[in-house]
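A.B. asks: Each chain is listed here by its residues.
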Amino acid sequence: MSMMLLECRNLSKTYGQAAGNALNNVNLGLTRGKIIGLLGPNGSGKTTLIKLINGLLAPTAGEVLINGKAPGPESKMAISYLPDKTYLADWMRVEQILDFFVDFYADFDKARAMDMLHSLQINPNLVFKTLSKGTQEKVQLVLVMSRRAQLYLLDEPIGGVDPAARDFILRTIITNYSSDATIIIATHLIADVESILDEVIFINRGHIVAYDNVDNIRASRGQSVDEMFREVFAC
Amino acid sequence: MLKFSTEKPIYIQIVDLVQARIIMGHYPPESKLPSVRDFAVELGVNPNTVQRALVTLEQGGFVKCAGTAGRFVTGDRELIEKAREKMVCEKALDFATCMKQCGCGTEEAIKAVRRYMEGTGEPQCQ
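Chains A and B, in that order, are what the protein sequence lines are. When you number the first sequence by the working numbering, it's gap-free, plus one each residue, and the end is 237. When you number the second sequence by the working numbering, it's gap-free, plus one each residue, and the end is 1534.
It is worth saying that the hints were derived from the structure and are not from the lab. Treat the hints with care, since some could be wrong.
As the list claims (entries may be wrong) - Below, in silico cross-link-like pairs of lysine to aspartate or glutamate (EDC-like), each with a Cα-Cα straight-line distance of 16 Å or less:
#	chain 1	residue 1	chain 2	residue 2
1	B	1416	A	200
2	B	1411	A	169
3	B	1416	A	169
Unchecked claim - Selected chain B positions facing chain A (in silico; Cβ < 10 Å):
#	residue
4	1416
5	1418
6	1455
7	1502
8	1505
9	1506
10	1508
Stated by the list, open to error - Label pairs and their in silico Cβ distance ranges:
#	chain 1	residue 1	chain 2	residue 2	range
11	A	121	B	1433	30 to 36 Å
12	B	1411	A	223	38 to 44 Å
13	B	1443	A	234	34 to 40 Å
14	B	1443	A	89	47 to 53 Å
All C-beta atoms, glycine included, are put in the ideal place defined by N, C-alpha and C.
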């Protein structure tokens, strides 16, 4: 399979003229088997790019291709998406939500999900809305990582959870990803995710300002990605 | 999860770590190494980074790849011994540099280290 998993060609997105370009002429080609950080300050275009990839937004110009095709039913089968906000029906019990996912996604592995819930000490019989914010986020990540997808889009997966749970979540990501899948993690908590990343994409004001391998950055700049980020995006 | 220093590539830090464990006998000669995934989980890093580190160790001769059976520590004890000597040299250099900075003479430095080498060393530094 030499085809790119994900390609963006001259991709632009504008939310009305007053708002300017949220994304400006983005060109990217991503291969399989990578964990990639999508890093940028607030409002840089991270979420816009992710929503364009999974077809929740339509491009103003240019195109997005997943396995060579525009977003559609096929790409939705291939992509597992963790949004930055909850969209689950909050009156459901956790296990009901799992069953909901079983119905929706052929690649959803319920046994794996139950296993992860057990490790996180989350009772599957509880009603979703009675859970704390951090626990709700953990449940959502469990749902997303229990699919056997080709592309995982994680929008701020560790934003709302405590440091111990962060480690668990990162471990969950490492143990559950297969080498023919790619994971994109959008975050500004760089120091926390840096050690699990292969590559990073730096995005600022809708432009890709850097796309490089993490070890290359450390070798050539003598600094961590976190330090580079602070330098590139200094206010 | 291991804390990595910021200035060196992570894979090189993993090479150093595994090499140190081989030297210390934590992974004896010809023993089987943990899998890529086990290392990745233990160290909290990407499996591809571990892979790169292990390939680097293979190139250095410390590790042998036995196909699907996994990776093994070399049986070449001479190579391990050489690496051990190199590590001793490096640590001694660090120590000596530090002692000089503290204004220590050779005798004082040897006395200080002897206390710990000979096992009577309660941490007396304040």
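A.B. asks: Take the shortest C-beta to C-beta distance between residue 1416(B) and chain A; is it under 10 Å?
C.D. replies: Since the shortest Cβ distance to chain A is 6 Å, the answer is holds.
A.B. asks: Double-check residue 1508(B) for me: the hint is only fine if its C-beta lies closer than 10 Å to a C-beta in chain A.
C.D. replies: Violated - the Cβ of residue 1508(B) stays beyond 10 Å from chain A, reaching only about 26 Å at its closest.
A.B. asks: Holds or violated: the hint that residue 1418(B) contacts chain A, with Cβ atoms closer than 10 Å.
C.D. replies: Given a least distance of 6 Å, the restraint on residue 1418(B) holds.
A.B. asks: Is it true that the C-beta distance of residue 1443(B) to residue 89(A) lies inside 47 to 53 Å, as the hint says?
C.D. replies: violated (37 Å)
A.B. asks: Verify the CB-CB distance for residue 121(A) and residue 1433(B) against the hinted window 30 to 36 Å.
C.D. replies: Since residue 121(A) and residue 1433(B) have Cβ atoms about 33 Å apart, the given range 30 to 36 Å holds.
A.B. asks: Under 10 Å is the threshold here; is the Cβ of residue 1506(B) close enough to any Cβ of chain A for the hint to stand?
C.D. replies: violated (23 Å)
A.B. asks: If you draw a straight line from the CA of residue 1416(B) to the CA of residue 169(A), is it 16 Å or shorter?
C.D. replies: violated (22 Å)
A.B. asks: Should the hint that residue 1411(B) and residue 223(A) are 38 to 44 Å apart at their CB atoms be regarded as holding?
C.D. replies: About 20 Å separates the Cβ atoms of residue 1411(B) and residue 223(A), which means 38 to 44 Å is violated.
A.B. asks: Holds or violated: is the Cβ of residue 1502(B) closer than 10 Å to a Cβ in chain A?
C.D. replies: Given a least distance of 20 Å, the restraint on residue 1502(B) is violated.
A.B. asks: Using the beta carbons of residue 1443(B) and residue 234(A), state whether their distance is inside 34 to 40 Å or not.
C.D. replies: holds (36 Å)
A.B. asks: Keeping to a limit of 16 Å between CA atoms, is the pair of residue 1411(B) and residue 169(A) held or broken?
C.D. replies: holds (12 Å)
A.B. asks: Classify the hint on residue 1505(B) as holds or violated, based on whether any CB of chain A lies nearer than 10 Å to its CB.
C.D. replies: violated (21 Å)
Taken one by one, the earlier hints fail for this structure at numbers 3, 7, 8, 9, 10, 12 and 14, listed in ascending order.
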